[in-house]
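Participant: Please model the complete structure; the sequences and the hints are all you need to start from.
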Amino acid sequence: MSSPNTPSPNQTADTPSGQTATKPGTSSRRPLLPWVAGPAWFLAALVTWRWPDADDFPDTNQLATQFCAIGLALTVAAVLRRLSARAPWAIALGLGFTAWEIIQAKLLWLPRPFFGTPQDLLDVFLTDWRRLGDSLLHSLGLLAVGYGIGAALGVAIGVGLGRSLRFRYWVRPLIRLIGPLPPVALLPLAFIIIPSSRLASEALLALAAGFPTTILTWSGVVAVDPAYYDVARTMGARNRFLVLRVALPAAMPQIFVGLFMGLGVSFATLVVAEMLGVKSGLGFYMQWAQGWAAYPNMYAALLVMSLMCTGLVTLLFKLRDRVLSWQKDGLKW
Amino acid sequence: MVTTSTRIAHPLGLELDHIDHGYTIGGVFTPVLDDISLSIAPGEFVALLGPSGCGKSTLLRLIAGLEPPHGGTILAEDTPISGPGPDRIVMFQDPTLYPWRTVRGNVALGHDIAGRKDQASVDAAIELVGLKGFERAWPHQLSGGMAQRAALARALVNDPRVLILDEPLGKLDSLTRLTMQTELHRLWRDRGFTAIMVTHDVEEALLLATRIVVFSPRPARIIADLPIDLPPHRHRDDPRLLDLRKNILTQLGHSADW
Ligand SMILES: Nc1ncnc2c1ncn2[C@@H]1O[C@H](COP(=O)(O)OP(=O)(O)OP(=O)(O)O)[C@@H](O)[C@H]1O
Ligand SMILES: [Mg+2]
Numbered sequence: 002m003s004s005p006n007t008p009s010p011n012q013t014a015d016t017p018s019g020q021t022a023t024k025p026g027t028s029s030r031r032p033l034l035p036w037v038a039g040p041a042w043f044l045a046a047l048v049t050w051r052w053p054d055a056d057d058f059p060d061t062n063q064l065a066t067q068f069c070a071i072g073l074a075l076t077v078a079a080v081l082r083r084l085s086a087r088a089p090w091a092i093a094l095g096l097g098f099t100a101w102e103i104i105q106a107k108l109l110w111l112p113r114p115f116f117g118t119p120q121d122l123l124d125v126f127l128t129d130w131r132r133l134g135d136s137l138l139h140s141l142g143l144l145a146v147g148y149g150i151g152a153a154l155g156v157a158i159g160v161g162l163g164r165s166l167r168f169r170y171w172v173r174p175l176i177r178l179i180g181p182l183p184p185v186a187l188l189p190l191a192f193i194i195i196p197s198s199r200l201a202s203e204a205l206l207a208l209a210a211g212f213p214t215t216i217l218t219w220s221g222v223v224a225v226d227p228a229y230y231d232v233a234r235t236m237g238a239r240n241r242f243l244v245l246r247v248a249l250p251a252a253m254p255q256i257f258v259g260l261f262m263g264l265g266v267s268f269a270t271l272v273v274a275e276m277l278g279v280k281s282g283l284g285f286y287m288q289w290a291q292g293w294a295a296y297p298n299m300y301a302a303l304l305v306m307s308l309m310c311t312g313l314v315t316l317l318f319k320l321r322d323r324v325l326s327w328q329k330d331g332l333k334w
Numbered sequence: 653m654v655t656t657s658t659r660i661a662h663p664l665g666l667e668l669d670h671i672d673h674g675y676t677i678g679g680v681f682t683p684v685l686d687d688i689s690l691s692i693a694p695g696e697f698v699a700l701l702g703p704s705g706c707g708k709s710t711l712l713r714l715i716a717g718l719e720p721p722h723g724g725t726i727l728a729e730d731t732p733i734s735g736p737g738p739d740r741i742v743m744f745q746d747p748t749l750y751p752w753r754t755v756r757g758n759v760a761l762g763h764d765i766a767g768r769k770d771q772a773s774v775d776a777a778i779e780l781v782g783l784k785g786f787e788r789a790w791p792h793q794l795s796g797g798m799a800q801r802a803a804l805a806r807a808l809v810n811d812p813r814v815l816i817l818d819e820p821l822g823k824l825d826s827l828t829r830l831t832m833q834t835e836l837h838r839l840w841r842d843r844g845f846t847a848i849m850v851t852h853d854v855e856e857a858l859l860l861a862t863r864i865v866v867f868s869p870r871p872a873r874i875i876a877d878l879p880i881d882l883p884p885h886r887h888r889d890d891p892r893l894l895d896l897r898k899n900i901l902t903q904l905g906h907s908a909d910w
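Quick mapping for you: the protein sequence lines, in order, are chains A and B. Converting from the first sequence to the working numbering requires adding 1 to each position, the first position being numbered 1. Converting from the second sequence to the working numbering requires adding 652 to each position, the first position being numbered 1.
Because the hints were derived from the structure by calculation, they are not lab data. Backbone N, C-alpha and C define an ideal beta-carbon position, used for all residues, glycine too. One or more hints might be untrue.
[To be verified] Some but not every residue of chain B turned toward chain A, in silico, with C-beta under 7 Å: (1) 716; (2) 718; (3) 736; (4) 737; (5) 738; (6) 741; (7) 742; (8) 748; (9) 751; (10) 752; (11) 762; (12) 765; (13) 790; (14) 792.
[As the list claims (entries may be wrong)] Within a straight-line C-alpha distance of at most 25 Å, the following computed PhoX-like cross-link-like pairs (lysine-lysine) qualify: (15) A:329 x B:823; (16) B:769 x B:784; (17) A:329 x A:319; (18) A:329 x B:784; (19) B:823 x B:784.
Facilitator: This is the structure in structure tokens:
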């Protein structure tokens with residue numbers, strides 16, 4: 002339903018995208034920007050390769066090759082006319098890497114161990130990719146179990162709170178007591194009373210994801226128009242149908258808000274749990290890197306983590322777009 | 653068309669016995685229905701007329717079994733109504749389509765609840781109300797009148813023994829309204845269900861119903877119960893109709909000079 006292309010900022014109203022502008026038969030100009038993207042990266046490659054480094058950095062020629070490869074790929078994309086909307090970003094990134102390369106690798110303007118060069122970062126990925134990948138998998142595994150359980154429980158408890166008076170009587174006070182507590186505050190306790198630190202972390206992640214999901218599911222279910230139930234009831238619907246086929250879909254927009262908020266809290270809890278508890282995963286990698294003053298490794302882990310988080314959020318939004326395709330419009334992530 | 657359906661429901665008779673009902677609004681008890689007694693024979697087409705807010709929709713809710721009456725009993729074929737059931741299908745005043753279901757999904761609701769698979773009757777009902785081509789539309793893509801027609805189709809596919817209609821054609825333009833009146837009338841004759849319809853349109857009541865019940869302002873009491881002894885194919889300009897219309901408008905407190 003939604004178009005994935007973000008419009009490029011310099012488009013005019015009569016050429017909604019680069020593709021329509023170059024449609025055969027129309028005599029309008031071909032957009033120039035896609036052709037600049039490749040050269041921007043070739044420039045980065047050239048600077049990296051020809052301008053001598055200020056210090057003995059690893060992998061300088063490797064990096065130049067990589068830049069060159071990206072420049073080639075972008076040129077091919079321009080030829081295939083696949084670059085229209087993303088061209089400004091591709092150019093900006095190419096120029097950004099060039100600037101970074103000049104400032105840090107060639108002129109060394111910023112104090113060294115804390116600020117790395119592009120080749121430092123590349124070196125981490127080339128030499129330590131196995132441990133980075135392993136950490137990523139650990140983080141993902143922990144998240145999947147903890148967040149998955151928390152989200153499922155949150156939806157179930159939220160529906161229970163919204164639909165059953167007795168359930169609400171017993172569970173609401175507990176939710177009110179425990180829910181607003183930041184999950185990391187329970188970390189020390191969890192590591193004491195739960196023998197396995199992995200299990201403890203999963204429980205905390207479940208709590209982190211579960212609370213917002215519960216509250217928003219609950220509010221979504223309570224807000225369901227009673228007329229929706231009446232319609233189904235006159236057709237003979239039982240409670241099971243009313244919960245699963247009426248209350249749940251009606252509350253789905255709210256539930257997704259809860260799932261999104263829960264994901265955010267889960268990320269925060271994950272990092273702390275990994276640093277203090279499970280001794281694996283990206284959070285632990287980062288802490289280790291900091292402890293050994295391996296700053297490039299820290300940057301690399303940060304990059305991987307940010308890609309992981311944004312990837313998961315994107316996944317959630319994709320799911321939401323599918324499930325809520327009946328909604329008029331939603332936020333575009 | 654829906655008429656090709658082989659299931660012809662045998663109509664349900666209803667006995668309303670001294671029904672009282674009311675609501676507490678803002679801490680004050682408000683009586684809504686006052687001692688309503690009404691006997692509806694199987695297969696009748698009863699039109700309910702009354703001023704806005706008098707309690708017509710409330711009475712329909714009680715017949716549907718969505719709420720128990722405060723006083724009195726409602727019998728369906730000699731058994732007291734204890735809750736809603738698919739033999740009494742309501743078409744509500746608001747369409748209340750499920751926004752997460754397409755038109756087809758909404759019309760198929762009754763089938764989904766009963767666990768039936770009957771795509772043909774769903775398509776037939778959609779065609780009947782003139783929504784062919786909009787099967788895959790979402791409710792927010794429909795106009796008010798289209799939504800109301802979709803709600804009518806959703807009610808029809810259930811083959812109810814009593815069809816309870818709360819101003820079913822209220823949001824339609826006058827031409828569509830005429831078509832739908834004809835269709836409704838044809839359906840009622842072909843399928844033979846009992847029909848109870850609230851309407852604000854006296855002429856509509858006169859064209860369709862075999863009997864018209866007129867209510868007082870809230871709390872609703874029955875102030876007139878008129879059998880319409882006219883042939884099923886009625887003409888709008890029939891002088892007997894015009895006489896009845898005058899009579900009913902007077903009952904409702906309007907001067908019927910115009
Ligand atoms: N759920 C409710 N809670 C409180 N009061 C209600 C409720 N439903 C209806 N009422 C009250 O009952 C009275 C009758 O309402 P009802 O909807 O039956 O009127 P109606 O005859 O259908 O009117 P209209 O022709 O405008 O649809 C109104 O005064 C309304 O305020
Ligand atoms: Mg009403």
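Participant: If a hint holds in the structure, say so; if it does not, say that too.
Facilitator: Quick rundown of the hints versus the structure:
1. 716: Holds, about 5 Å.
2. 718: 6 Å, holds
3. 736: 5 Å, holds
4. 737: At 6 Å from the nearest chain A Cβ, residue 737 of chain B passes the 7 Å test, so the hint holds.
5. 738: Interface hint status for residue 738 of chain B: holds (4 Å vs cutoff 7 Å).
6. 741: 6 Å, holds
7. 742: 5 Å, holds
8. 748: Nearest chain A Cβ about 4 Å off; hint holds.
9. 751: Where the cut-off is 7 Å and the nearest Cβ of chain A is about 6 Å from residue 751 of chain B, the hint holds.
10. 752: Holds - the Cβ of residue 752 of chain B comes within 7 Å of chain A, reaching about 4 Å at its closest.
11. 762: 4 Å, holds
12. 765: 5 Å, holds
13. 790: 5 Å, holds
14. 792: Cβ of residue 792 of chain B sits 6 Å from chain A, so the hint holds.
15. A:329 x B:823: 23 Å, holds
16. B:769 x B:784: Roughly 20 Å between the alpha carbons, so the hint for residue 769 of chain B and residue 784 of chain B holds.
17. A:329 x A:319: 16 Å, holds
18. A:329 x B:784: Holds. Residue 329 of chain A to residue 784 of chain B sits at ~22 Å (cutoff 25 Å).
19. B:823 x B:784: 19 Å, holds
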